[in-house]
Every structure is written in structure tokens, then in C-alpha cells.
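In case you want the letters, here they are:
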Amino acid sequence: MAAVAEHAGLPKLTPARMRAGDVLRVGAVGLRTRPLRAFLSALGIAIGIAAMIGVVGISSSSGAELDRTLSALGTNLLTVSSGQTLMGEPAKMPVEAEAMIERIGPVEAVSAAGRVGAAKVYRSEEVPKAQTNGINTYAARLDLPATVGATLRSGTWLNAATQRYPAAVLGSSAAQRLGVGAAGPDTQVVVGGKRFTVVGVLDPVPLADELDTAVLVGWPIAEAELDFDGYPTTLYTRAEEARLEAVRSVLAGTANPEAPNEVDVSRPSDALAAKQATSQAFTGLLLGVGAVALLVGGVGVANTMVISVLERRSEIGLRRSLGATRGQIRTQFLAESLLLSALGGAGGVLLGTGVTMGYALYQGWPAVIPAWATAGGLAATLAIGAVAGLYPAIRASRLSPTEALATP
Amino acid sequence: MISLIDVTRSYPGGVTALDKVSLEIEHGELVAIVGPSGSGKSTMLNVVGTLDRPSSGTVRIDGYDVAKLSDGRLSALRATRIGFVFQHFHLAAKIPAIDNVADGLVYTGIGRAERRRRAAAALERVGLGHRLDHEPHELSGGERQRVAIARAVAGDPPLLLADEPTGALDSVSGAGVMDLLHDLNAAGTTIVIITHDLEIAASLPRQVRMRDGQIVADSAAEARVA
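Just so you know, the sequences run in chain order A and B. The first sequence begins at 1 in the working numbering and counts up by one. The second sequence begins at 1 in the working numbering and counts up by one.
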């Protein structure tokens with residue numbers, strides 16, 4: 001109050017507020033005069049943000065792809081497979097299982113495959129017996145692809161005529177292991193010691209991946225030529241989505257009334273979703289790595305700012321002599337730090353988006369980058385910029401003007 | 001304009017740069033503060049320029065008692081009342097002359113367009129109207145000091161403090177800068193020039209000689225006594 005009395009009659013001195021545009025312009029001085037250094041320290045932040053956006057984006061894109069696959073394939077497929085007896089021997093489902101399941105009200109479709117255990121598959125008779133390539137032979141019903149949602153990459157599926165003859169359809173992995181590129185009248189494989197013509201090759205079947213390593217032949221020819229016992233080992237059932245649980249609970253008892261415990265019932269779409277959940281745990285780990293990169297970037301910005309304050313002592317002194325208050329000096333360096341990291345953050349978001357888009361395009365996935373990831377990334381950069389710039393800015397503002405001007 | 005009463009500035013460690021100095025400078029004066037290095041003349045400039053506060057004594061600038069002003073109000077005083085010219089110019093590299101001058105007004109609260117207009121006018125006034133877009137490295141030493149002077153006077157401060165303004169210049173450029181300062185003084189600005197150059201000091205109406213932190217001679221006081 002003494003000051004007011006003392007200076008009565010003189011105009012009151014009030015430091016002018018800087019406009020937002022001037023704060024930005026003054027904050028950008030350091031970046032404009034040392035562009036390479038600004039670029040490099042922004043790059044540290046950019047890499048951290050890009051890593052995080054990329055990890056989140058790729059994982060979300062893969063999740064979106066799974067959702068798309070599941071909605072295309074349907075989640076209403078139930079698989080009934082024969083398990084083991086109490087004695088640990090392979091169990092058998094009755095031959096009538098298929099027909100009995102079909103009689104359950106909400107069931108829309110049933111198909112079956114029976115494993116032909118004895119029939120090993122080779123590319124030719126010359127291949128040593130031990131090299132089975134892990135390929136199994138299955139006898140398949142004609143409606144199998146329709147029920148499990150399998151599509152053909154090449155050739156055709158078995159029909160009423162070819163199922164009686166030595167014709168085979170290869171699963172995608174089986175075709176690869178046997179070295180069969182496409183189906184054709186001249187392409188033959190040896191199944192259980194007999195030559196079968198490859199009439200088709202399947203695409204990968206997400207809901208029944210056991211078919212990927214299978215060679216599928218007609219039910220009649222398997223019984224006639226390959227010593228197939230005629231018992232189905234896996235039943236594929238489509239049921240009304242709304243009553244799926246009810247169907248699921250009676251499937252085992254219906255398939256094998258005598259020994260329901262010898263039957264395993266599963267829902268393949270659950271397994272796919274579970275796989276997705278596992279990969280999400282991995283995403284968490286990668287996200288942590290990205291966060292470390294971001295932290296290192298933040299340290300880089302802090303380092304740049306400390307050096308900047310040391311180098312620009314005479315500029316600080318000049319600005320103080322021109323009438324800058326301590327607060328305005330502090331604001332200038334804080335603005336510079338925020339600008340630096342915001343530039344890095346924006347670059348990182350662009351880079352991360354680019355990487356995600358590129359990878360999704362390459363994989364044929366829909367590219368999805370959650371808005372929370374972008375917003376969170378930018379918020380994190382601003383927080384880092386503020387923290388990294390705070391100490392250098394306070395140091396700059398505490399410099400005495402005479403001391404700052406004395407440094408050449 | 002400037003009133004120092006018994007001003008002492010001592011530093012920790014026992015160095016006394018100003019020792020009970022009293023000095024009055026009126027509006028419109030052109031004063032040289034002259035003395036060898038270590039005489040306390042730079043400290044005097046810092047104290048008069050409110051960049052430094054005295055350890056004891058009273059400093060009044062344009063009527064304001066410096067000791068009673070907060071950092072913010074002192075900054076406002078510098079922004080509106082005092083212009084500084086330094087020996088080494090302190091221009092920002094790679095920034096055109098007009099922006100170097102205009103940026104000097106950023107703390108006065110004037111809008112950007114008006115700042116540039118005033119900067120152009122100030123550069124015109126110091127005879128650099130044809131060099132507005134030249135960057136400091138494209139200018140001669142004398143021209144750089146003129147840009148620095150333009151920056152100091154762009155806000156029309158009543159007081160201009162110059163610290164060895166010709167110290168880094170050859171004699172021809174130095175003479176040009178001195179002529180400019182005389183012109184500014186003739187237009188009403190109070191100017192205090194710190195120098196160790198006796199010749200320059202002698203060319204000014206009033207000389208204040210300093211040695212060991214004290215004023216040993218003041219031509220105005222002698223005139224009064226005589």
C-alpha cells in the first residue's frame with residue numbers, strides 16, 4: 001500500500017499481457033533458429049507416440065478383422081467330437097448320432113467328418129512311410145463346407161458322383177505340405193496306398209482348423225477302399241443363435257446317449273476370441289515398451305530445453321531489459337517445450353497411423369485406430385512437454401537480468 | 001528523470017561496485033558516464049536501468065521509486081520508459097531487421113501489425129529505411145548498432161541507456177552512431193551513455209567521471225559551483 005501512496009499522481013505501472021499469438025510466436029523462436037535440434041528432439045517423442053499408436057492400432061485392427069470374420073462365419077457353430085472312454089481309449093460315437101442331432105428343434109444343419117486313421121497321405125509312392133507330414137484323412141459329408149463355412153481356393157468340392165471315386169479335397173495347410181498348388185485332373189496324391197485325384201483345395205477354415213491339415217475324401221469311397229469304419233469323429237452343428245446354449249447342453253447326450261461323457265462339445269468361435277484375448281495381453285507389454293520410448297523422448301526434450309536456456313542467457317537478459325517479466329520468460333520456455341513435444345506428438349500420431357494403415361492393408365484387415373489412443377497420445381505428449389519444460393523454464397525466469405546480459 | 005540518493009551496490013564477498021553515489025539527471029539531458037573498467041559504471045547502468053537493485057539508497061526513475069516496485073511493475077517500467085543499447089547489439093540471428101525491432105515491442109502489449117509499423121518508422125528514423133528485410137549478418141557493424149538503437153527507441157521511451165555503443169565499431173561507424181544519438185537527444189530523449197572513451201565523453205554536454213565506485217567529477221556540478 002506504501003507503493004500506492006508513494007507514487008500517487010503517477011500512472012500505475014502494469015505489465016502488459018501477451019496475446020496468445022505472441023506467446024506462440026515467441027515460443028517458436030528457439031525452434032525456428034535451431035530447426036535440426038528441434039526436429040531431433042521432437043523425433044524422440046514422435047517415435048514413442050508412433051510405437052504406442054501402432055501397437056494399439058494393429059491390435060484393434062486385428063480385433064476388427066476377427067469381428068468381421070466371426071460375423072461372416074457366424075458364431076452359432078457347435079462342434080461335437082468323440083473323446084476318450086473312461087479307460088483312456090478313443091471313444092466312438094454311434095453312426096446314428098448325426099440323424100439324432102438333426103432332430104433337435106433349433107438345429108439348422110448338421111454335417112460330419114470321420115477320421116480315417118489308417119490312411120496316411122503322401123505326395124507319391126516314393127516318399128518314405130515315416131514322412132506323414134501330420135496330415136490326416138477324413139471322410140466328409142457333402143454338406144460339410146456349407147456347415148463349417150469353408151470355401152474353395154481352387155477346384156470344386158466333392159459331389160454325389162466324386163464321393164464314390166478316388167477324389168480328394170485338400171485343406172490349405174495339407175496342400176502346402178504336399179506341394180500342391182491347385183487342383184487339376186493330373187494332380188494326384190497317395191491316400192492309404194491308393195492314388196486319389198485332387199479335385200479341390202480349401203481356403204483356411206477359421207472355425208474348423210483341423211480341416212486345414214486334412215485330406216477330405218467321400219464317405220462311400222473311404223468305406224470301400226480305405227478301411228473306414230463309418231463312425232463319425234466330429235459333428236458340425238449349426239443351431240439358432242438364441243437357443244445355442246440349450247442345444248449345447250443336450251448335444252452330448254443326443255450324440256452318444258449311452259456315454260455322454262465320451263463326447264466333447266465346443267464352440268470354435270469362443271476359441272478364436274480367446275486367442276484374441278491372449279494377443280491382447282501381449283499388446284499390453286508392447287504398449288509398455290512404447291511408453292518407455294515416450295519417456296526417453298521426454299527426457300530428450302528436457303535436455304534440449306536445459307541446453308537452450310543455457311545457450312540463450314543473453315537473449316533472456318535482452319528480453320528482460322525490453323520489459324519481459326519473470327512470468328513471461330517462464331511462459332516463453334514452457335511454450336517452446338510444449339510446442340516441441342506437440343510437434344513430436346502430431347508427427348507420432350501421423351507415423352503410427354501410417355504404420356497401422358500400411359500393416360492393415362498388407363494383411364487385408366480393416367484399419368482401426370481408436371480415438372482414445374490418438375487423444376491419449378496427444379495428451380501424454382503435452383503432459384510430457386509441460387513436465388520437461390517446467391524446470392528449465394523456471395531456471396530461465398530466475399536468471400538475474402544483469403547476469404544474463406553479462407554472458408557474451 | 002533519474003535520481004540516485006546515496007546508492008550503494010555491494011556484492012557478497014565484500015566487493016562494493018557503487019559506494020554512496022548520488023546523481024540527478026534531468027529530462028532531456030545527454031550525459032556521459034565515463035571511467036576505466038572496474039570503476040562501477042556498468043553497475044551504475046544496471047541500477048539506473050532497473051535491471052539490478054541497489055543494496056541501499058534510493059533510485060527514482062521518471063518519478064517511480066524502484067525499491068517499491070515488484071518485478072512485474074519494474075518490467076513494465078522498462079517496457080515503457082527505458083530503452084537499452086548494448087555494446088554487442090544483441091540482435092537475433094536470421095531474423096530480418098524489421099522483426100528484430102518489432103519483437104522488441106512484444107512486451108508493451110501492442111498488436112503485431114502496429115509493432116511492425118512502428119518498427120519500420122524507427123528504422124526509417126535511424127536511416128535504415130532501405131534495410132528493413134536484411135538479416136543481421138547482411139548488415140555492417142554500424143548498421144547493426146543502428147538496428148539496436150531503432151529497437152530501443154521504437155517504443156518512444158523517455159530514457160535511453162547506451163552501454164559502450166561504439167565499443168565494437170570502427171571510428172567512422174562510431175561517429176555515425178554518436179550523431180544519431182545526438183539527433184535523438186535533440187528530439188527530446190534523455191540519453192545516458194556509458195563509455196571509457198574520453199574523446200566521446202568530451203563530445204557530450206555533461207560528463208560524470210567515476211572511479212572505484214564513486215563519482216569523482218561531474219561537469220554539471222562544477223558548472224554550478226563555478
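Check the hints yourself; a few may be wrong.
Stated by the list, open to error - In silico DMTMM-like cross-links for lysine to aspartate or glutamate, where the CA-CA straight-line distance does not exceed 25 Å: (1) K120/A - E241/A; (2) K12/A - E222/B; (3) K92/A - E241/A; (4) K275/A - E65/A; (5) K12/A - E114/B; (6) K68/B - E403/A; (7) K275/A - D264/A; (8) K12/A - D156/B; (9) K194/A - E89/A; (10) K92/A - E65/A; (11) K20/B - D99/B; (12) K12/A - E26/B; (13) K20/B - E222/B; (14) K94/B - D71/B; (15) K12/A - D65/B; (16) K129/A - E223/A; (17) K275/A - E403/A; (18) K12/A - D62/B; (19) K120/A - E89/A; (20) K194/A - E241/A; (21) K275/A - D229/A; (22) K194/A - E225/A; (23) K92/A - E102/A; (24) K94/B - E65/A; (25) K129/A - D264/A; (26) K12/A - E24/B; (27) K92/A - E311/A; (28) K129/A - E65/A; (29) K12/A - D143/A; (30) K20/B - E102/A.
To be verified - Which stretches of chain B does chain A cover? Using the computed rule of at least three CB atoms under 8 Å from a CB of chain A, they are: (31) 21-30; (32) 45-54; (33) 142-150.
Quick caveat, the hints were computed from the structure, so don't treat them as lab data. Using N, Cα and C, we set each Cβ at its ideal position, and we do this for glycine too.
(request) List in ascending order the numbers of the hints, as given earlier, that are violated by the structure. (result) Hints 1, 2, 3, 9, 10, 11, 14, 17, 20, 21, 24, 25, 27, 28, 29, 30, 31 and 33 are the ones this structure does not satisfy, whereas the remaining hints hold.
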